[in-house]
Amino acid sequence: MTVKKKHILVCNGTSCQNVAHDEIFNNLKKELQNHGLEESAGLVRTACFGLCEKGPVIEIFPDKVFYVQVKPEDAKEIVEEHIIRGKPVKRLLYNEPETISGKESGEKARFKRKQIRIALRNCGVIDPENIEEYISRYGYEALGRVLDEMTPSDTIRIIKDSGLRGRGGAGFPTGLKWELARNNQNDQKYVVCNADEGDPGAFMDRSILEGDPHSVIEAMAICGYCIGAGKGLVYIRAEYPLAIERLKIAINQAKEFGFLGRNILDSDFHFDIEIRYGAGAFVCGEETALIHSMEGGRGEPTLKPPFPAQSGYLGKPTNVNNVETFANVPVIILKGAKWFSSIGTEKSKGTKVFALAGKINNVGLIEVPMGITLREVIFEIGGGIRNGKKFKAVQTGGPSGGCLTGKHLDLPIDYETLVAAGSMMGSGGMIVMDEDDCMVDFAKFFLDFTVEESCGKCTPCRIGNKRLNELLDKICKGNGAMEDIERLYNLSIVIKDTALCGLGQSSPNPVLATLNHFRNEYEAHIIDKKCPAGVCKALMTYEIVEENCVGCTACARACPVGAITGERKEVHRIDPRLCIKCGACLEKCKFNAVIVN
Amino acid sequence: MSNIKVELKKYQVEQIKEICKSFGNNPDELINVLHKVQGTFGYLPAEVQEVIAQELKVPVAKVYGVVTFYSYFTMLPKGAYPISVCTGTACYVRGAETVLQEFKKELGIEVGQTTDDGRFSISCLRCVGACGLAPVVMVGDKTYGRVSPDMVRDIIKEYSD
Amino acid sequence: MPKVKNPDELKNLRNQLTARAGKKQDDKKHKDPVVIKIAMATCSIASGARDTFNFITAALKKRNIDAIVTRTGCMGYCYAEPTIEITLPGTEPVVFGQVDQTKADEIIEKYLKKGELVDGVIPKNYESPW
Amino acid sequence: MINLTIDNKKIKAEEGTTIYKAAKMAGIDIPVLCYMDLHDLNIEHKPAGCRICVVEVEGRKNLAPSCSTEVTEGMVVHTHTLRVLNARRIVMELILSDHPKECLVCPKSGNCDLQKIAIKLGIRDIPYQEISEISTYRTDFSPSIIRNMDKCIMCRRCETMCNELQTVGALSAINRGFMSVVAPAFEMDLEDSVCTYCGQCVAVCPTAALTEVDHTNRLIRDLSNPSKTVIVQTAPAVRAALGEEFGLEPGTLVTGKMVSALRNLGFKYVFDTDFAADLTIMEEGTEMLERLSKHLQGDTSVKLPILTSCCPGWVNFFESQFTDLLDIPSTAKSPQQMFGAIAKSYFASKINISRKDLIVVSIMPCLAKKYECQRDEFKVDGNPDVDYSISTRELANLIKRANIDFISLSDDDFDAPLGESSGAAVIFGTTGGVIEAAIRTAYELYTGKSLEKFDFRELRGMEGIRQATIDFDGTPIHIGIAHGLGKARELLEGIRKGESRFHAIEIMACPGGCIGGGGQPLHHGKTEILKKRMEAIYREDQSKTIRKSHENPYIIRLYEEFLGKPMSEKAHRLLHTHYVDKSKKIIYI
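First to last, the sequence lines map onto chains A, B, C and D.
Note that this note's numbering has the first sequence beginning at 1, numbered continuously upward.
Note that this note's numbering has the second sequence beginning at 598, numbered continuously upward.
Note that this note's numbering has the third sequence beginning at 759, numbered continuously upward.
Note that this note's numbering has the fourth sequence beginning at 889, numbered continuously upward.
Honestly, the hints are just simulated from the structure, not real lab data.
Bear in mind that the values here come from a model prediction, so they are computed numbers and not experimental data.
Using N, Cα and C, we set each Cβ at its ideal position, and we do this for glycine too.
Take these hints with a grain of salt, some might be off.
Stated by the list, open to error - A short, non-exhaustive set of chain A residues, derived as facing chain C with CB atoms under 8 Å: (1) Arg117; (2) Leu120; (3) Ala238; (4) Phe269; (5) Val331; (6) Val363; (7) Leu365; (8) Val561.
All chains should be modelled from the sequences, with the hints used to inform the complete structure.
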């Protein structure tokens, strides 16, 4: 078995496809044929390289030479110069001034589109059910080093110096959190891993637990050593059966190898981990609610202080971090605070995992350095918007966050910038929306969510969000008045100002963000009684275009409420008073005679 | 006064007691116990909650308070093939709503209901973490990705023999 | 497995493991084996990764190809599930997306047997600390 | 000490003090709604849920709930900025938007915390009405308490009382979000739950979500029916609290005025439950002595301690939660029921009317009494010994409705023969009183000696659990006292484990005993009122010429004329009862 000498990899990502992709591909094919190279050189289409800005792109495998902004007429030169003569075509190389050789240019290009996988370092690389594979990638060596060479304070200092901040929401400095828990004296303390990933549209914690459970176990043990806790608890969503299964296997293996249990790696340190299940309550992502839930109660948050570091699980000092935060820890220990803090921005160090979803081509999980721009994430790594539609907005921070628009595309992503722009980092969900999404409807979607997920304890969240939702519903149904915008705004501000926990304090964010950035859409619903994106059913009208209607009766037969009348071979009509806007007629009509306004 | 008639066989009550015992009859483990019992019986009717309350020595009002707090717990039996439509954000923007409508139309039931023959029930859930496949539908443990309304009939057909 | 007693033992273990992975051929009469990793996270499985896994293991056996097939976690390319990564001896790993049975068959026939890439390669676009 | 500034005043407060308390000490009033401080009961309920008490703290991004935010060094607080006022108003509007707008006919109108704060905040409009959904629930009518959860504002006070103070566990928050509410399991009727009807939930409910079953209209109907003879008995704790409803200082005794008011209202005879309390001592004391003597003689078949049984909330509690101990409480009926049994037999025949034409009404500080008088054990051919019970609050409302100028009423005396009582009977109204009364009699009967002093101060006080050893002329008798069902539970757990060394235990379901009953004028969190009522009770005892139950001449005559002797067959039939296992038993199909 031999590998073909050379392969030409042609990016088949959406945005490259749009720029004469077929022509380039065909020209390359022709060139190879012309030179009789079909057998010795390969030509294949690949998924998106994530360098869409410089597309169309081509890579020569295995040389790692990278051509950007390739035109169909370049095919000849590429084949003749590079494939046949082995000389990179300099003018097409990724354009970095200091670049000399093709390979270096390729590396640069790769770096340019490159993600840095720290938290995800082992995901998709090792067999998560085999501890040896984890060990072979420096697994548990951070724990070993900490136990062998470092005091808890030394270790906490490294975490503090690294600048690592909580990856679950507000971004509290992790080292400081550990220090607080350490400073509260108690014979019993707990380390809790929050794996109750409640943000609908985020799945990085699930992926880490499914792909690399040991990294979390190792970090929890390190945390236990630092704060003086002998027990760890993982609070995990019951909706993640595979993650639970793999975590259980990993815990057992870690015990078997002596990374959990008594006298870990011959030290005086003992640590064990238990699993507690969530049961479908978004609010349990809030630390105090999570703790009440672990204690077997309703997951209602309580006022802080006291912080869990003072009085947490069973009233004992408790440190809660989320999965992604923990997954960073072993790397920081082994590679050092300096290395970690060299990545990212001034106040947001390291990388962040994002779950790209929605109307984006490369839906997936990415890990990028803090400070990267939204544009790079969405249009390069994410491959741009599906079906060539127009980008409208991206929701970050889930139901607690807000939407960011075209004008935010070049903002560097870090905790502070996102908050300043009216959104938040959250756990890292990024839902991309295109021109077909109605922002009023989208705000209502999130309010539906918060209304359903509010614990009911405090007035602003329990009743306020309900009223916000009702106001949005009123607007979506075409019954809104201009003063409703003011009411939405005022109510949102007070809910944020008075709610008890993070859920309530952030629940109006989607409303405020859409009000700020898409006020015109609200006005269109209220004044013109129109939904510009064509989403809000109540504002749609179905009509039959006379010229196109052939009188096939398909629509009339499909209509569930008998709103369509008309004789066979005659033009049909829709009675707007009866129409329930189900869209069945539109679906059935083969003659484009049904239109929606 | 109020004697509870448990609509369960004696051995089933024993099963519940066994589960409670396996968690040391520890009230802190209430949620884990409820998970396990629901896993065994499919749902958590009032009588079952009474037994759990007695075993863990907590007021049954508390058990009920917990059961009604978490969306994962149900007091109604689900269909033999419970259909869960993900209505997380990613699925929503990719059209989960129309898929849900189609299921409701095809089966003639609303969310939270079970078909008369007891085969299907529909529920919504918030994100299974498979956003890459949005919209996502689960039937029992099986996940269907990139579901469009016209796939609905075929999915139902798979379970209607 | 006896407990790992101290950090030095752990490092030794790691060295042994990496060495073993590199010299798998020692205990086989075949030459360098192919290493195939199949993503088996929730999304992958929902997209049919289990079928792909079963097909590949069966096909390799039937076609008498020496390969180590393991499952792994999410590679991050949710849009392209099921994804698999193949490392031919002495080459860089290559990731293929949307690998159903047909595609898997094509990959075995072309890439494994002849070293010919097929459509659907997913370019590696990340760096990791090790 | 911590230095802070509230509304530009420099204030020092101890560490751990909340902003609300610090402000209060400085004379700054911050409105609170869900917050409740029952200081003497060691309960500070601060869920920080209603968000009415929010204040602005400099340097903090959102408003802070003052009820539960602790002061910190250098903190600068503003309690009434426009931002705060706006937030409070909107929060109140939100609460009202999910609340029935029926103040005009609401039983709590005029005495409703929600209404008071709405007035204070100047709410003149409830926005969102045209769109707003209101959460509605089925109204639950039990024999004692009505739950109308449409009016629940989720302050969770009832939940705290039921679970933390009383450990009854009948109530829990259920559901979540907009539909969350406090309810029994499965939203079952209170009657089917473990509720004891102690009424502590009602006593703290800020709205009319929890109210007592109101019998005043029924009473007016009966009083105006010429074919009925309506008589009334009044419990001891009522006279120590009723005055509060008319603006008198807490702790003012209004026994005479109360009697006159009742007579003005048209009761044919105004009697005193205290008479029956003396009777209770005769029966319960005798039973106690009997058990005690046998025990001291070494009879191991006798179970000790003996538990008092005059509190119906407590009876309900052990009938559903301590069913293995059903044989240790005294079998003596409560004074209310003893009164009814004697009234409808002895007294009815004395005035020569049939029991069905005699209506016996009781005025009680208690809601459980409403349930107790409906128990089947206390009926003869379906006719109850006590027809119904009304609370102190209901009586006050009736007096007000009848336009009786309570304050200027003269002091009247109870009617004979069921109106005479001893000081021992009066102290039934407070925690420790029943056992003290029992000891006054038991001591003399056991030792054959006269007591030199009647005040057993070691049995008095507000401690949740108290214990004392009384020297019965060389024999030490160990007494335990608990008030509040949570404290009762502690003592009972001790008995269950066989760790109890008590000979006799008094238990009252409500904190402070009957003076703190669920039917008393609302103390709105001022628990010092309980102490004042307690002092009043002991003053009344002091002022009585007869201080021991067995010396009450009408009691002596009742035994001579009618009952024979304590624990006689007739006394047993009329004055003793049995207990029912109300616990939930699992029965398989």
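Outcome of the hint check:
1. Arg117: 4 Å, holds
2. Leu120: Constraint on leucine 120/A satisfied, holds at 7 Å.
3. Ala238: 14 Å, violated
4. Phe269: 12 Å, violated
5. Val331: 5 Å, holds
6. Val363: Valine 363/A check passes; min Cβ-Cβ to chain C is 4 Å, inside 8 Å.
7. Leu365: 4 Å, holds
8. Val561: It is violated, given that the least Cβ distance between valine 561/A and chain C is near 36 Å, above 8 Å.
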